[in-house]
Amino acid sequence: MHELAITVIGPDRTGIVADVAEALAAVGANLTDSTMTRLRGHFTMTLVCTGPSSAEAVEALESLSGVVTSVSSVEPEDDRQAGGEPYVVSVHGADRLGIVAAVTRVVAAAGGNITDLSTRLAGTLYVLLAEVDLPAGSAGELAEQLAVAAAELGVEVTLRRAESEIL
Amino acid sequence: MTSPVAWDGPEGTVLPVVSAPATVLSTVGDEVDPADPAIVQLAADLVATMRISPGCVGLAAPQVGVGAQIFAVDVTGHPKAATTHGTFVLCNAKVIEASRWKAGREGCMSVPDLTGDVKRAGRVVVSAMLPGTGEAVEITTDAFEARALQHEIDHCDGKLFLDRVAGAHAIYQRKVYL
Numbered sequence: 000m001h002e003l004a005i006t007v008i009g010p011d012r013t014g015i016v017a018d019v020a021e022a023l024a025a026v027g028a029n030l031t032d033s034t035m036t037r038l039r040g041h042f043t044m045t046l047v048c049t050g051p052s053s054a055e056a057v058e059a060l061e062s063l064s065g066v067v068t069s070v071s072s073v074e075p076e077d078d079r080q081a082g083g084e085p086y087v088v089s090v091h092g093a094d095r096l097g098i099v100a101a102v103t104r105v106v107a108a109a110g111g112n113i114t115d116l117s118t119r120l121a122g123t124l125y126v127l128l129a130e131v132d133l134p135a136g137s138a139g140e141l142a143e144q145l146a147v148a149a150a151e152l153g154v155e156v157t158l159r160r161a162e163s164e165i166l
Numbered sequence: 000m001t002s003p004v005a006w007d008g009p010e011g012t013v014l015p016v017v018s019a020p021a022t023v024l025s026t027v028g029d030e031v032d033p034a035d036p037a038i039v040q041l042a043a044d045l046v047a048t049m050r051i052s053p054g055c056v057g058l059a060a061p062q063v064g065v066g067a068q069i070f071a072v073d074v075t076g077h078p079k080a081a082t083t084h085g086t087f088v089l090c091n092a093k094v095i096e097a098s099r100w101k102a103g104r105e106g107c108m109s110v111p112d113l114t115g116d117v118k119r120a121g122r123v124v125v126s127a128m129l130p131g132t133g134e135a136v137e138i139t140t141d142a143f144e145a146r147a148l149q150h151e152i153d154h155c156d157g158k159l160f161l162d163r164v165a166g167a168h169a170i171y172q173r174k175v176y177l
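Residue numbers (numbering that gives the first Met the number 0), protein chains in the order written: chain D, 0 to 166; chain X, 0 to 177.
Watch out, some of these pointers could steer you wrong.
Stated by the list, open to error - Straight line, CA to CA, 20 Å or less: simulated SDA-like cross-link-like pairs of lysine to any residue:
#1 X:K101 x D:R160
#2 X:K158 x D:S163
#3 X:K101 x D:E162
#4 X:K118 x D:V87
#5 X:K79 x D:R159
None of these hints come from the bench; they were simulated from the model.
Go ahead and model the full structure; you've got the sequences and the hints to work with.
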């Protein structure tokens with residue numbers, strides 16, 4: 000079955016999720032993984048769904064006013080990533096250009112795969128949180144490299160194990 | 000010293016573990032008669048199934064398809080455990096005191112692909128009955144054993160950790176496979 004990757008962005012208002020989800024359900028789109036959040040007043044939806052053709056999804060979303068949408072056909076991917084050690088990177092400090100670029104480049108150079116990332120600017124405070132899968136045994140060295148990058152950026156960084164307990 | 004609540008019952012049979020979505024995992028379990036031979040057998044089966052499952056530190060009846068308030072726990076040797084009571088089985092357990100709340104990321108054998116951030120008490124007092132004798136007991140524990148007890152009592156109450164996840168971005172694809 001083919002999958003569609005859809006984005007919808009518009010000014011936040013009550014009912015925006017319901018309107019988009021209803022429009023997609025009406026053409027038989029089954030939402031699978033999605034993330035939806037408000038970014039500085041813009042409501043943003045990124046989702047993967049199965050069911051309709053790309054043209055049907057585009058037509059369904061055209062009925063919505065005031066939003067920017069995109070629909071792309073994508074190949075189904077296996078998103079299970081066994082192996083790797085789960086860590087969380089936290090960065091906070093005064094906002095400046097290039098924090099995300101510098102931090103994520105250090106993570107990538109260490110072979111770390113970012114699986115989730117969000118940033119928030121609150122006043123002058125910039126905050127970055129990332130979930131990262133690291134090659135086994137690489138955390139100590141990455142922590143040192145992140146500390147160097149953080150010092151150059153003038154921000155604080157911590158790398159900690161995302162421990163989960165299976166009960 | 001042997002724990003006063005330690006399981007000392009018959010050999011059990013390993014049962015298949017139910018994965019969500021399943022009605023039994025979302026249904027409040029029935030209170031049980033701890034002296035009922037069928038409940039003693041279920042206790043033994045829970046212990047047997049827990050022991051054979053890698054990394055498993057607790058298993059509740061709804062996870063083997065039985066809507067009943069009974070579960071097995073054993074956190075012996077776990078790095079996050081402090082107080083431990085060995086392998087034990089509790090019937091009709093209730094949390095009567097809870098304090099030292101702390102967030103932690105947890106997963107569940109019945110939700111194999113996800114983990115989530117859940118706040119649990121780091122110290123609890125639990126009242127319950129022991130299978131077989133029906134003896135009423137109160138268990139005071141902390142740290143990882145306290146978290147395990149709350150997780151299993153939730154199962155008996157028809158709740159999964161998913162019902163307690165801290166927020167919309169607090170569930171994760173499980174990355175480490177046992």
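Item to complete: Quick one: which hint numbers does this structure break? Sort them smallest to largest.
Response: The structure conflicts with no hint, since it agrees with every one listed earlier.
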